[in-house]
Every structure is written in C-alpha cells, then in structure tokens.
Amino acid sequence: MSTVVLNGLFVGLVYGLLAVGLVVIYRTSRIVNFAYGETGMLATFAYFDLRLGTNTSTFTRDHGVALALPTALVLGAAIGVAMELLIARPLRANPTLNGMVGTIAAGLLFITFAVHRWGIEVRPVKPLVEGAGVRLLGLTVSPSQLLIGACTAVILGGLGALYRFTSLGLRLRATALNPYAAALSGINTNATSMATWAMAGALSALSGVLIAPLVAVNVFFMTLLTLRAFAAALVGGLTSIWGGFLAGVLLGVAESVVAFKSPVAGITDAVIALGMIVLVMARPGGLVRADY
Amino acid sequence: MVPVVRAGAVAGLGALALLAGEATAYKLGLIAIVFIGAIGLHILVNWSGELSLAHAGFIGLPAFVVAQLSLHAHLSPILALPLGVVAGVLLGLVVALAALRARGLQVALVTLAVGIAISRFFFVRSWVIGPPAGLHIAPPSLFGLRLETSRSLLPVLMAVVVLAVLASRSILESKLGRALSLVRSNPDAAAAVGIPVAFYRGAVYAMAGAFAGLAGASYVLWVQRISPKAFPLDLGFTYLVIAVLAGKGALTGVALAAVLIEGGQVFSILPRDFALYAGPVALIFNVTRYQEGFNGLLRETRHRLERKVAIMAAETGTADGERRWRGWGARGVRLPVVIAALLVAAGFVAVALAWYHAGNTDQVWIQNQEMVSGGIGGLGLIVLGCVLLLRDALLHGRAVVATSHTGVAGADGDADWLGASGPEPPAKEPAGPEPEGTPTGRGRRTVAAGSKGRGDTR
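So the sequences go chain by chain: U and R. Note that our numbering gives residue 212 to position 212 of the first sequence, counting from 1, and the numbers run on in steps of one. Note that our numbering gives residue 282 to position 282 of the second sequence, counting from 1, and the numbers run on in steps of one.
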C-alpha cells in the first residue's frame, strides 16, 4: 500500500507540474491551452528520437541526454511561442471561447502529425537515468522517480524565486493581473506573453520526458495525463499556482489508491468527472484563490 | 428569393439522393446523421457561445441505449428514436448541472472530463456495449414493410432530418433563440434584462444532448451495427470543427459544413491526409481571423447578390443598364421558375427510374422499395415543382396588377393615373427582371421607387 502511495505521489508531482504550466498560461492569456499535453508529447518524442528510443527514428546513433534534453526543451518552447503568436495574440480581445477552440484545433493538428510520424502503438522507453534506486523509509524509490522529485523541487523553487525576486517575474505578475495596466506602465506585454508561453512549453516538454519512463507511452499519453492536470488546475480556480500543484499531487495519490483498491476499469475517469461537476457546482472559482 | 432557393436546393438534393445507388445512399445517410448531431452543437457553440467536448459521448451512449433496447425489448429502432432523445437530454442535464453556476470555461473542462469518463467507463462495460464484436440489430420494419436496403430506409432518415430541422428552427426563432443570442454577446446585460441566464444555459446543454441522442439513435437505425470503435474521442472534435466552421446563423451553414467535412471523409474526395490537416488549420483560421464561418460567407454572398440585383433592376431603364444586363434578366427568366422546372423534371426521372428498376426484378420486396423511394418520392417532387410554379405565377400576376394600380413609373410608359409624368426612365420594369429578393407587389414598388429616384437625379 505504501508503495502504491509513493508511486502515486511521484505521478502526482508530474500532474502538479502540468497543472502549473496550464495555470501560468491561463493567468497571462486567459486561455485554457488544450494542446498543452500535445506540446510536451511532440517534444518528448523528439527527445526519444534523438536517443534512438523509437523504432521510427531518423537518427543513426544515440546522441545522449546532453543534446537531446535541451533540444526537447527548446522544441517545447518553440511550439509554445508559435501558439502564442498564431492563437493567443489575435484573440487577445476575447480570448476565452475562441482561444479554447483554437488550442483544441492545434492539439488535433499535433496529434495528427504525431500519428503519421510515429504511429499509435505503445512503446517502452528507456529511463533517463539508470541505476538501482534508493531506499527511503523502507521503500524503494527508482531513479526516475528521484529525478522527478528533484526536478519538481528545482522548478517550483526557481519559479517562485523568479516570480518574487526578479524583474521579469514582476513583469509576469503584472501582465497576469491586468494586461492593459501593465502595457500602460511600459511593460512589453507581447514579449512577456511570449516568454510565458515559451516557459510553459518547455515545462510541458520536461514533464513529458520525466514521466515517460513511468507510464505506457504512445502518442496519446500526454492527453490523458493532461486531463488530470485540468482537473487539478480547476481546483486552483485556474489562477493559483500552488493550488493547482497541490491538487495535482493529491490527485495522483488518490488515483493510485483508488486504482489499487478497486480495479474497475475507468473508475478514476468517472470519479474525476463527477468530482469536477460537484466542484464547479459548489465552488466555480476553485477552492484556492490566487494571489498575484 | 432565399427561402425558395433553400427549399429548392433541399428538394434537389433529396431528388439526387433518391436517384442514387445503394452505396451512395448509405454514405448520404451517414452525412445526414452527422448533420443532426451537428445541429445540437451548433445551437450550443454558435448561438450560446458555450463549448462541449463530450459530444461523441452524447451521441454514443444514447446509441448504445437504443441498441440494447432494440435487442432486449424487441423495440423497433424507429420507435426507439424518442428514447434516444430522452437519453441524450438526461446526459445533457448532467452537464447542465455544472453550467448552473459556472462560466463557460469551467463547463467546457467539465464536458471534457465527462466525455472521457463516458468513453473510458461506459464504453468498456459489457452491459453497455454488449459482446466485443459489437451489437447487431435486425433491420427495421415500417408498417409491415421490411426496410432492408439503405435506399428504402433513406426516406425515413430524411423524415427524421426534417423533424430535427423543424424543431431547431422553432427553437431558434422563438423567445429562447433571441435570449440565447443576447446571453452570448453579453450575459450580464441579459441577466439585467431578466433572462434566466443559468437556466437557459443549462437548457441549451440539454438541447445539444437531445439532438446528439437523436443522431445516435439514427445511427443505430441506419447502420444496424454498433461498437465503441464508432465513437472515438476525435469524433467529438469533428463535430466541433463542423459547428465552428458553420458560424453563427441558420442551419444552412451547418448543412454545408457537415456535407463538406463528413462528405469529404465518407466519399474520400480529398486525400485523407489533406482533410485531417486542413480541418484544424481551417478551424484556427476561422477562430482567429474570420470568425463568421460558412453562415457569414453565405450572408455576404447573399448581400452582394441582392445589391447586384437591385442595381440591375434600377439600371434596367437606362440604355447602359440594358446593354449590361440584357442577357440575364431582360427575358424575364426567374430563378424560382428554373428551380421548379428542374424539380418537375427530376421527379419524372425518379419515377421512370423506379419503374425501370421495379420492372427488372421479380422480388416483391425490392419492388416495394422502389415504389416508396422512386415512385412516391418522384411524385412528391413533381407536386413540389408544380406548387412552386403556381406560387410564382400567382405572385407575378399579383405584382403586375399591383404596379399597374399604384402607377409607379408607369407600366406602359404613359403618364401614371395621378397625371404626373416626369423624366421617368422608359417603361421596362414589368418585363424587366423581377427583383429576385421580393416577388411581391410591395417589393417591386420599392425597387421601382428606387429607380424612379435614380431617374430624378439624372
């Protein structure tokens, strides 16, 4: 049982990371990025192509983590920037409904391309770091999970420091709070928006690369994970970073426990749907309020 | 002109469908089913500004309900159609619960979760989906006539489509439709005016569910074979593409988009890769740039045509105008007359074809089906064409009488009965082209008055 909780915890950390990325985008552009998972998926598959992890790779040798990982991050950021330029910026006046439809279409596009390029079968991927794992409190933590934990800590700490202590962070917060006032104050909202989407895209790429060794990987694997991230972000009212992250972690643990206790297929999806309905009926603004 | 053109186009397509072969009729039926489902999403997305990502589940689950009822309760799928609608309404109400207090954004996320939950929870339960090979339904029968081929089932499906269109038009042209437009553009203003916004938004989700349930039940009726593979998640995205491409307005845009997208898929007109990529790209373009969809394109085209026709009618009196428009309007060929003549011809062709096919077979059930689809359908087309011709003749006659009485710009070039004659353009109005938009006396007076105005300023 405690192994189950531990596994769920690490999966929940990734849900939390994804939820943070969604919240960051929503705070800036007021758009729910339905293509968030697919951005990470493309970058992850590019990473595994570079490392010869897929059978359709066009490369002939394993280029190693040092080249593959930055490439994946840059690709994720580039996709994010492209979406900001093509979808978020034209819709700045009324972003909500049209932005959702636009990002849904972009997600469709990414998945179509991925299915053509890589096919739909599930493939095993080799983990990022090899090793035997660490024994912690009587439980074995695999190296992939350790990596997830470390990366999450670094990212969240870095993000918090960025937001609180740097001028870029100040600009990001100002743009998120009130884009018009920020523009009047002389902040380049275009550049800030682009930076946000790039950051979120890179975050999605990193999340995909981190969780790929732990789950069954095919071109749809991020789509299903991102649904959990949407639910978690909704708990934070789509604007609270900490709320979304914590909800993601709790969701990961809960999902693991429920799957272990009752192996009814699809029960987690049904419970998440019902939970979201209840949440939206009771507290549409989310359980946690954001502070900018 | 527009209602007549619309009716003519629909009847013409119906004629083509009746003349089609078996495989084509099957594919046309699939397009019709997608159209029914898209109507619901059209009301939701374009009239209310909401979003539903669960449409595949809204169609699939009632379809399974209808299929299971047909199998276990021995209910004909035709009779089970209302039950499919009820199942769809119930599903929509579940989402409507969430819509009571939340903004469209949160409700969209809830629909995403509900759609995935339906797909991954219900579509794996054997008590819902039956054996792994799928459920098979016996071909439906109507009044003792077994409808085994697609061509014989097509009139039934067309009747369902007509019902759906009438229902949606009555919804959209009623108080609810006007309220939904206002809620879409400014919910706070709508609430201030007294519209129960939350209740109407919930009702709209229920309506989308109703149309989706109807589409699912029709699918069972048409294909008679159902499995979860028929309702993948990206089916919901196909419907979303159709609804967004249709744009705000009437159902014509929805029909056009459904024919284009589903027709393209089913008839393999475009290479499959191109269609798969072009859909999302067109969607992004429409959402960020154009935002009016096919309905907007149709509106624009209609306005341009009407302006052209008005200019044409106004310039007919002058020598320049005559030279420019002589080929088209001077002989008084009216569009409704052309359409009606085509309908009558198509009707005769349908009857002849049915006669030929019935004569070439000695199986009674095929003869019965030919009688229904070709014979009665062809007769209906002939009647429709004659009705349109009669209507046009009556209106034309009434218009001629009206202008000769009001004396606007003299039907015969003389001073009108008021005794005033000015620098009027020489009389060409009655024989000239009818202002196509308004074949009534009132309209002709207006346009003729416009031409009189132009004559004055010359």
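Hints listed in this document are in silico derivations from the structure and should not be mistaken for laboratory results. Heads up, some of the hints might be wrong.
Ranges between beta-carbon positions, derived for each pair [stated by the list, open to error]:
1) G157/U / S268/R: 51 to 57 Å
2) A183/U / A278/R: 32 to 38 Å
3) G186/U / R272/R: 48 to 54 Å
4) D362/R / F113/U: 37 to 43 Å
5) P124/U / L71/R: 38 to 44 Å
6) R272/R / P124/U: 28 to 34 Å
7) T166/U / R272/R: 28 to 34 Å
8) L287/U / F274/R: 41 to 47 Å
9) A78/U / E292/R: 42 to 48 Å
10) F267/R / F113/U: 57 to 63 Å
11) E292/R / R283/U: 32 to 38 Å
A few chain R positions that, by computed beta-carbon distances, are all more than 12 Å from chain U [claimed, not checked]:
12) P196
13) R225
14) T238
15) L240
16) A243
17) L276
18) L298
19) E306
20) F348
21) D392
A few chain R residues facing chain U, derived, Cβ under 8 Å [claimed, not checked]:
22) L97
23) A102
24) G104
25) V114
26) A117
27) F143
28) P280
29) L283
30) I284
Just so we're clear, the structure is a prediction, and the values are computed from it rather than from any experiment. The C-beta atom is built at its ideal place from N, Cα and C for all residues, glycine as well.
Quick rundown of the hints versus the structure:
A C-beta distance of roughly 54 Å is found between G157/U and S268/R, which places it inside the suggested range of 51 to 57 Å. Hint check: A183/U to A278/R, Cβ distance near 36 Å, so the stated range 32 to 38 Å holds. Our hint of 48 to 54 Å for G186/U and R272/R holds, since their Cβ atoms are close to 51 Å apart. Distance hint check: the CB atoms of D362/R and F113/U are about 55 Å apart, inconsistent with the given range 37 to 43 Å.
The hinted window of 38 to 44 Å between P124/U and L71/R holds, with their beta carbons roughly 41 Å apart. Restraint check, R272/R to P124/U: a C-beta distance of roughly 30 Å satisfies the suggested window 28 to 34 Å. For the pair T166/U and R272/R, the supplied restraint of 28 to 34 Å is violated, since their beta-carbon distance comes to about 49 Å. For the hinted restraint 41 to 47 Å between L287/U and F274/R, the CB-CB distance of approximately 46 Å keeps it satisfied.
Between A78/U and E292/R the C-beta distance comes to about 31 Å, which lies outside the given range of 42 to 48 Å. The beta-carbon spacing between F267/R and F113/U, approximately 24 Å, falls outside the hinted interval of 57 to 63 Å. Restraint check, E292/R to R283/U: a C-beta distance of roughly 36 Å satisfies the suggested window 32 to 38 Å. With a closest Cβ-Cβ approach of about 17 Å to chain U, P196/R is found to remain outside the 12 Å limit, as its non-interface label requires.
No beta-carbon of chain U is positioned within 12 Å of the beta-carbon of R225/R; the least distance is around 24 Å. With a closest Cβ-Cβ approach of about 9 Å to chain U, T238/R is found to fall inside the 12 Å limit, against its non-interface label. Remark: the non-interface label on L240/R conflicts with the geometry, its nearest Cβ contact in chain U lying 7 Å away (cut-off 12 Å). At roughly 9 Å, the least C-beta separation between A243/R and chain U is not larger than 12 Å, which violates its mark as non-interface.
In this structure L276/R is not separated from chain U by more than 12 Å, as the shortest Cβ-Cβ distance comes to only about 5 Å. L298/R, annotated as away from the interface, keeps every beta carbon of chain U farther than 12 Å; the closest lies near 21 Å. The Cβ of E306/R lies farther than 12 Å from every Cβ of chain U, with a closest approach of about 30 Å, so its non-interface assignment holds. Every Cβ of chain U is farther than 12 Å from the Cβ of F348/R; the closest lies at roughly 46 Å, confirming the non-interface assignment.
Distance to chain U confirms D392/R as a non-interface residue, since its nearest Cβ pair spans about 43 Å, more than 12 Å. Interface restraint check: L97/R against chain U, minimum CB-CB distance 6 Å, threshold 8 Å, status holds. For A102/R, the suggested interface contact is upheld, since its CB lies about 4 Å from the closest CB of chain U, less than 8 Å. Interface restraint check for G104/R: the shortest CB-CB distance to chain U comes to about 6 Å, inside 8 Å, so the restraint holds.
Because the closest C-beta pair between V114/R and chain U is about 5 Å apart, less than 8 Å, the hint holds. Using the Cβ-Cβ criterion of 8 Å, the hint placing A117/R at the interface with chain U is satisfied: the shortest such distance is roughly 4 Å. Below 8 Å, beta-carbon pairs count as interface contacts, and F143/R has none with chain U, the closest being about 42 Å; its hint is therefore violated. Annotation: P280/R was flagged as interfacial toward chain U, and the flag holds, the nearest CB pair being 4 Å apart, inside 8 Å.
Given hint, L283/R at the interface with chain U, holds; its Cβ is 4 Å from that chain's nearest Cβ, closer than 8 Å. Because the smallest distance between the Cβ of I284/R and any Cβ of chain U comes to about 5 Å, under 8 Å, the interface hint for this residue holds.
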